[in-house]
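2 protein chains.
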Amino acid sequence: MALVVQKYGGSSVANAESIKRVAKRIAESRRAGNDVVVVVSAMGDTTDELIDLAQQITPLPPQREMDILLTAGERISMSLLAMAITNLGVKAKSFTGQQAGVITDAVHGKARIVDVVPHRIRETLEKGQVAIVAGFQGVTKNTNDVTTLGRGGSDTTAVALAAGLGADVCEIYTDVDGVFTADPRIVPAARKIDRITYEEMLEMAASGAKVLALRCVEYGRRYGVPIHVRSSFASREGTLVTANSHVTHTVHDDLHVPVAVWDRIPGTLTVPDNHEAATEETAMEDPIISGVAHDRSEAKITVVGVPDVPGVAARIFEVVATSGVNIDMIVQNVSAARTGLTDISFTLPEGDAKAASSALSAVKDELRYDSLQIDDQIGKLSLVGAGMKSHPGISAKLFGALRDADINIEMISTSEIRISVVTREDALDDAVRAVHSAFELDGDGEAVVYAGTGR
Amino acid sequence: MALVVQKYGGSSVANAESIKRVAKRIAESRRAGNDVVVVVSAMGDTTDELIDLAQQITPLPPQREMDILLTAGERISMSLLAMAITNLGVKAKSFTGQQAGVITDAVHGKARIVDVVPHRIRETLEKGQVAIVAGFQGVTKNTNDVTTLGRGGSDTTAVALAAGLGADVCEIYTDVDGVFTADPRIVPAARKIDRITYEEMLEMAASGAKVLALRCVEYGRRYGVPIHVRSSFASREGTLVTANSHVTHTVHDDLHVPVAVWDRIPGTLTVPDNHEAATEETAMEDPIISGVAHDRSEAKITVVGVPDVPGVAARIFEVVATSGVNIDMIVQNVSAARTGLTDISFTLPEGDAKAASSALSAVKDELRYDSLQIDDQIGKLSLVGAGMKSHPGISAKLFGALRDADINIEMISTSEIRISVVTREDALDDAVRAVHSAFELDGDGEAVVYAGTGR
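Going line by line, the protein sequences match chains P and F.
Okay, so the first sequence: first residue is 34 according to this note's numbering, each after it adds one.
Okay, so the second sequence: first residue is 34 according to this note's numbering, each after it adds one.
Quick caveat, the hints were computed from the structure, so don't treat them as lab data.
Hints are not guaranteed to be accurate.
If several chains are the same, the list does not tell them apart, and a pair holds so long as it fits within one copy or across any two.
[Stated by the list, open to error] Computed list of lysine-lysine pairs in DSSO-like fashion (alpha-carbon distance at most 30 angstroms, straight line): (1) Lys-160 - Lys-430; (2) Lys-143 - Lys-160; (3) Lys-174 - Lys-160; (4) Lys-160 - Lys-124; (5) Lys-143 - Lys-124; (6) Lys-160 - Lys-53; (7) Lys-124 - Lys-243; (8) Lys-387 - Lys-397; (9) Lys-160 - Lys-57; (10) Lys-143 - Lys-422; (11) Lys-53 - Lys-124; (12) Lys-143 - Lys-387; (13) Lys-243 - Lys-143; (14) Lys-57 - Lys-124; (15) Lys-243 - Lys-57; (16) Lys-430 - Lys-243.
All values reported here derive from a predicted model rather than from experimental measurement.
Construct the complete structure from the given sequences, taking the supplied hints into account.
Written as structure tokens, this is what we have:
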């Protein structure tokens with residue numbers, strides 16, 4: 034008996050068969066007594082097909098019209114899903130972003146949710162019906178214009194609705210089992226993370242982990258919505274993202290928490306060695322490291338031979354900011370060989386490199402630098418874990434692991450719970466594997482316990 | 034300088050190329066100084082594809098969800114059309130039925146428009162922009178639910194908007210040149226009708242002419258909206274549907290009326306023989322007959338051997354009406370051979386024949402008839418013309434033409450401006466040709482004048 038918001042992505046509703054499969058899962062959750070709100074994305078490749086249609090018309094479609102076009106995708110998936118659920122004997126109604134009360138600002142293509150007024154969703158739940166809501170879309174308050182939320186939009190719709198409705202949990206269904214300690218395609222021994230804090234998940238997402246959108250996690254943290262990332266193709270537990278990785282949340286029945294897992298294995302009363310200790314000294318349960326994220330989508334720009342006088346760095350980043358580019362890491366090296374000159378490097382999304390370099394070229398005379406170097410062959414590795422702030426020597430261990438693997442570090446940046454390094458792009462996979470091993474994140478069969486529960 | 038509502042059907046916007054072509058036409062009309070509102074249907078086969086998707090999910094989709102699903106089609110076409118127009122340097126914005134203020138009742142799948150509140154369309158026109166409106170859809174007043182208008186929905190949206198905005202003309206663009214004196218596939222000599230009254234057009238539409246939906250013509254007549262049916266593939270005049278077939282309406286420049294046509298042919302000042310006479314005696318200009326419509330979609334039910342006592346016919350049609358079936362023509366014959374008994378025949382849509390015969394079978398004991406005959410091999414021919422009410426001998430001429438062509442008449446019904454006869458279905462084409470010839474409707478090259486203007 035809980036209020037559950039479930040979100041299904043495009044790959045979970047790619048065709049009539051998968052829509053029926055998802056409908057069955059939703060109907061089961063409703064029949065188990067839960068109040069169920071479902072947020073759904075457009076079917077499979079629909080969005081890409083619509084973008085392609087627009088490209089056939091014009092290379093520069095007005096963003097307002099793009100939003101109207103793209104929202105047709107969710108309209109199709111949400112009504113089909115409502116039909117499929119109704120066909121199973123469970124009443125369901127679909128709602129557009131506007132009908133669901135998802136109010137946004139007027140920035141077409143990447144609108145931000147400013148309010149959620151889900152009157153109609155509440156009414157629908159009170160009648161015992163399932164409410165299906167179009168993800169990725171909203172409506173402007175004053176002009177009643179259709180907007181889309183941009184990347185990660187449907188995840189954000191789901192968390193925002195969960196917050197607005199005071200839901201017990203927001204389940205994000207995807208095509209992987211949850212959040213992993215590293216990308217399993219690179220590190221086959223990567224383990225699914227059972228629980229992770231918002232802060233760690235934010236660092237993971239910001240560092241390139243694609244399973245949850247950054248803004249969705251931010252929204253969840255701000256409103257304290259537990260987010261459960263799990264597979265729509267299996268019934269086992271995924272990863273629970275909450276404020277505290279070791280507190281047992283009272284969430285709905287389908288959501289058993291790790292501590293309770295042992296109770297569910299028939300014929301065993303074995304309690305893990307550290308169980309008692311964990312109860313007394315909860316910090317011990319905190320994993321020091323959550324995982325290793327990586328990102329190949331950035332480029333590095335180096336401004337070579339800048340006069341080493343006050344205000345130059347400020348001016349450089351002012352110019353870059355004015356061109357609408359967000360930068361990530363910054364490193365400044367004093368060049369010993371050329372007195373009075375320095376090199377400033379920074380990383381930024383690859384797609385923004387051209388805009389940033391044009392902006393800097395335009396002020397070359399003013400800044401009096403020697404040259405610009407653009408390097409799009411870099412990779413970034415990030416080690417994330419709330420535990421690292423109280424454990425010294427983490428960075429030494431990280432750098433040691435990379436040295437042992439013969440991998441050169443080009444840039445370093447750190448936060449309270451993250452260390453990121455930039456390497457050559459072709460060394461990135463080796464780097465991820467080396468670090469994953471060094472911090473003993475490699476799987477030890479624990480995942481089998483989950484698979485073995487058969488849920 | 035006029036306010037023009039243009040409606041483009043699915044075949045006119047079937048792909049990116051045709052959307053660009055239509056956009057060009059709209060941009061030209063705007064550049065000529067007109068205020069332009071465009072109503073658009075879904076692209077080509079989109080609606081059928083969406084229906085097919087729903088059928089893959091469930092054989093009986095809830096109608097509310099079907100409406101949400103189907104309205105995705107217009108969302109796609111309207112946004113693409115707005116993009117295409119904008120790409121030509123003319124500002125355009127698209128609006129859903131809800132945004133355009135098309136308010137309907139709550140009968141999903143065949144909603145009726147109850148109000149049009151086009152504030153946003155007016156604002157858009159005042160800014161000099163083209164407003165694109167999704168056809169076929171509206172929104173319920175209180176619950177804000179999406180509805181569709183059913184068959185002929187986009188035509189009706191266009192005429193309703195034209196009425197709500199006080200437009201000078203509503204142009205219905207289609208894949209034929211206008212309304213013809215008969216179906217050109219049956220009568221190759223059929224001529225395009227230049228002007229026709231609402232009443233005649235209503236009779237034509239009700240008698241099987243498919244070019245304009247009945248409800249759209251009804252709406253046009255009620256609010257006095259001139260409807261111009263024309264081809265989206267050519268620029269020549271189509272058919273103008275108005276209150277009076279010989280009054281010159283002050284419509285926009287693109288809409289020259291027949292009287293003015295002669296002025297436009299360079300090098301000729303020839304005035305047709307009856308021009309002067311027509312000015313003094315306008316009734317002379319009224320064509321006696323507008324055209325010949327036909328319909329193969331009906332069936333005939335005969336209730337054989339009904340006791341010829343008062344109240345029996347009333348009871349029969351009461352029973353049929355209760356089964357939700359609309360009947361068309363009724364004939365009662367007194368059977369001389371069997372005193373006290375009579376046969377009652379009526380026509381109805383073929384698809385309703387089963388429901389009506391079941392309803393009648395259920396009361397066989399009460400009505401004491403001998404048997405039911407169902408005949409779906411009938412055809413209906415209708416001769417329509419406002420002139421016929423003042424011209425005696427029209428029906429005699431019609432029956433004579435059919436007799437000369439050796440075609441048997443099974444049923445007859447008449448209105449002030451229409452005579453309909455039922456024949457064998459396989460004799461229908463011959464019947465249409467014979468009547469078309471007898472009333473001298475066959476083309477005499479007049480259509481060439483229009484083609485020759487090259488507009």
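Tested hints:
no.	hint	verdict
1	Lys-160 - Lys-430	neither (57 angstroms within a copy, 65 angstroms between copies)
2	Lys-143 - Lys-160	between (34 angstroms within a copy, 26 angstroms between copies)
3	Lys-174 - Lys-160	both (27 angstroms within a copy, 21 angstroms between copies)
4	Lys-160 - Lys-124	within (9 angstroms within a copy, 45 angstroms between copies)
5	Lys-143 - Lys-124	between (33 angstroms within a copy, 22 angstroms between copies)
6	Lys-160 - Lys-53	within (23 angstroms within a copy, 47 angstroms between copies)
7	Lys-124 - Lys-243	neither (34 angstroms within a copy, 38 angstroms between copies)
8	Lys-387 - Lys-397	within (15 angstroms within a copy, 84 angstroms between copies)
9	Lys-160 - Lys-57	within (20 angstroms within a copy, 50 angstroms between copies)
10	Lys-143 - Lys-422	neither (34 angstroms within a copy, 64 angstroms between copies)
11	Lys-53 - Lys-124	within (15 angstroms within a copy, 42 angstroms between copies)
12	Lys-143 - Lys-387	within (22 angstroms within a copy, 54 angstroms between copies)
13	Lys-243 - Lys-143	within (18 angstroms within a copy, 45 angstroms between copies)
14	Lys-57 - Lys-124	within (13 angstroms within a copy, 46 angstroms between copies)
15	Lys-243 - Lys-57	within (27 angstroms within a copy, 43 angstroms between copies)
16	Lys-430 - Lys-243	within (26 angstroms within a copy, 80 angstroms between copies)
Figure legend: structure checked against the earlier numbered hints; hints not met, in rising order: 1, 7, 10.
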